[in-house]
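J.: For the protein sequence lines, the chains are A and B, in the order given. Residue 4 in the working numbering sits at position 4 of the first sequence, with consecutive numbering throughout. Take any residue in the second sequence, note its place counting from 1, add 1000, and you have its number in the working numbering.
Keep in mind the hints are simulated off the structure, nothing from the lab. There may be inaccurate statements among the hints.
Claimed, not checked - List of simulated lysine-lysine pairs, DSS-like, C-alpha gap at most 30 angstroms:
hint: 1; chain 1: B; residue 1: Lys1250; chain 2: B; residue 2: Lys1275
hint: 2; chain 1: A; residue 1: Lys149; chain 2: B; residue 2: Lys1272
hint: 3; chain 1: B; residue 1: Lys1275; chain 2: B; residue 2: Lys1197
hint: 4; chain 1: B; residue 1: Lys1250; chain 2: B; residue 2: Lys1197
hint: 5; chain 1: B; residue 1: Lys1197; chain 2: A; residue 2: Lys232
hint: 6; chain 1: B; residue 1: Lys1250; chain 2: A; residue 2: Lys149
hint: 7; chain 1: B; residue 1: Lys1272; chain 2: B; residue 2: Lys1250
hint: 8; chain 1: B; residue 1: Lys1272; chain 2: B; residue 2: Lys1197
hint: 9; chain 1: A; residue 1: Lys232; chain 2: B; residue 2: Lys1272
hint: 10; chain 1: B; residue 1: Lys1275; chain 2: A; residue 2: Lys232
hint: 11; chain 1: B; residue 1: Lys1197; chain 2: A; residue 2: Lys149
hint: 12; chain 1: B; residue 1: Lys1197; chain 2: A; residue 2: Lys221
Here the structure is a predicted model, which means the values were calculated and not measured.
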Amino acid sequence: MNVLVCVKRVPMTGGRIVLTPDEQAIETRHLGFTISPHEECGVEEAVRIVEREGGAVTVLTLGVADAEEQLRDAMAIGADRGVLLETDGEEWEPGETARAIVEAVERDRAGGTAYDLLVFGNESADAGNFQVGIRVAYALGLPVVTGLKGLAVENGRARCEREVPGGREVVDVALPAVVTVKEGINLPRYPSVPGRLRAKKKPLDVVRPDRAATEAARLQKVRLHVPEGQGKEAVVLGHGPAAAPAVAEVIRQLGLAP
Amino acid sequence: MILCLVEHDRGTPDEASLQALAFARRYADGGPVHALAVGLEPAGLDEHGVSTLHVAEHDAFGAYAPAAVSQAVVALLERLAPTAVVAAGTERGNEVLAHVAARTGLPLAANCIAATPGEPVSVTRVRWGGSLLEDALVHGPVALLTVQPHAVPAEPAPVRAPAVERFTPELSEQDLAVRVSEHVDAVEGGISLAEAKVVVSGGRGVGGEAGFGPLEELAALLGGAVGCSRAVTSAGWRPHADQVGQTGTKVAPELYIACGISGATQHVAGLKGAKTLLAINSDPEAPIFGHADYAVVGDLHEIVPAIVEELRR
Ligand SMILES: Cc1cc2nc3c(=O)[nH]c(=O)nc-3n(C[C@H](O)[C@H](O)[C@H](O)COP(=O)(O)OP(=O)(O)OC[C@H]3O[C@@H](n4cnc5c(N)ncnc54)[C@H](O)[C@@H]3O)c2cc1C
Ligand SMILES: Nc1ncnc2c1ncn2[C@@H]1O[C@H](COP(=O)(O)O)[C@@H](O)[C@H]1O
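Produce the complete structure using the sequences and hints provided.
T.: So this is what it looks like as structure tokens:
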């Protein structure tokens, strides 16, 4: 089994989002970086499949050189190899991103690594375009199942489960296939210290993808802004357990008391 | 002409799709809005400004197959040449329009809250699960847009029964390669987090699995559900089904009580629908207070049991 997982480096924003003066990005000078929890679970799922079935996990990102950090994090929990599609930092739109990932997959196939399973997040943390995985699937002529909360790979097939109101629905699909996963499909392990040390020595391919811009059909970011209605003034009901009567009074006024 | 995909549950249109229709009407600005429903003809669209309702029929539509639904959209797109295709920003709406985008090479802007026609189309869409907005341009012959749920009210339009046109899209074997084959019912587990009137939610400040006891007690007393932050699920104290936020459940209770939760944007993204927010935190500077209606400063391990006692009086 060869499994590819695609992850995107995003800032860890904390309690408040501050934008750069040109309103094109989040001000990240004082922030750390991470990947979406969906993608973190995607890495864990891929590692578990390969632990069971044998094979290798490749983790891929399109982003700045520093995104190597997110690839090494994935290697620390068991991914075997990284592919960094290095850009100058400007965000690529989803069609362009998908095209660059497809080219990388085809390059690997030419090099002898054909993927049986391609794992994406259901949506990226920052952009939430809900489409890169599906675009990649079509370009490669593969079936795609989205939003997985359960996955069992056996005998060249994948049994996929997703949540719907009232339960789960099941889709059974032949590999090779593309899946997009959601947080909750598993509980990712924490990287161990030996895992972190091993990750440093794992192979990493760095490629500068062509930005085959399609002017005719694309999504173009103009500016970001923070929605209104933040920075409320809370009514302080009190300090410590002495506030309990005031809290109970609020609950009663809302008509929610037992 | 604008084409809008209407999702329905055995003929009853989804609320999010009615919101998408309202969005489509506003976008069409008096021009015709056509609707597409798959499987069977939904009832109750008379008040939602649909001029023509297209019903895609096929034996295969008995079980959800996203590629097959997208093929129905593409068939209409080619025949009717709309300037935009709109769907609800639900799991299925986003999925189907992403399939349409992949088939046609058209751009898709997901989870829009506003859109203005033009060449290019201007949209405002949500990012980071609603913590950030993006103004964007959609360049292309047809704009594919999904509508952020609850961003546009599903206000009714003058009553007019739509003309109904049935068609049978041609589906290939590939269109049906991914098709739901089985349903597994959920085990009944009390009040659902998404629908609870009261949510008592705990964060890292709760300190451990056992620390949730008093929160459970308060939730039970108020007929509510227990929620938590990602710090809690990552530590394995609670299952992911309890997580509120961008990558967890979106809640909309009358009252949300946040205990020992700092107020990270990704957590707050899940409780935008809460009517009243009460935060309990030992740090008076915690960002959660900036979103709260009511604040209690102090140790939740003392405060939550005191509230329970007070309510029992
Ligand atoms: C892409 C992405 C998606 C994410 N999705 C989610 C999501 O869906 N849901 C989610 O919750 N998070 C999500 N996160 C994580 C989020 O960024 C925060 O890390 C997380 O919400 C922090 O949880 P917390 O508030 O419980 O912990 P902390 O931030 O550690 O806060 C603990 C709080 O408890 C208070 N406290 C400590 N002891 C006490 C006490 N005895 N009494 C009272 N108060 C006390 C502290 O003052 C502090 O404010 C996501 C992150 C990313 C990057
Ligand atoms: N820059 C990127 N690098 C690698 N993978 C990406 C990138 N952008 C998106 N993806 C993948 O595509 C998924 C869906 O992204 P999106 O369509 O932006 O919501 C993400 O969860 C990732 O798995």
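J.: Among the hints numbered above, which are violated by the structure, and what are their numbers in rising order?
T.: Of the numbered hints, just 12 does not hold.
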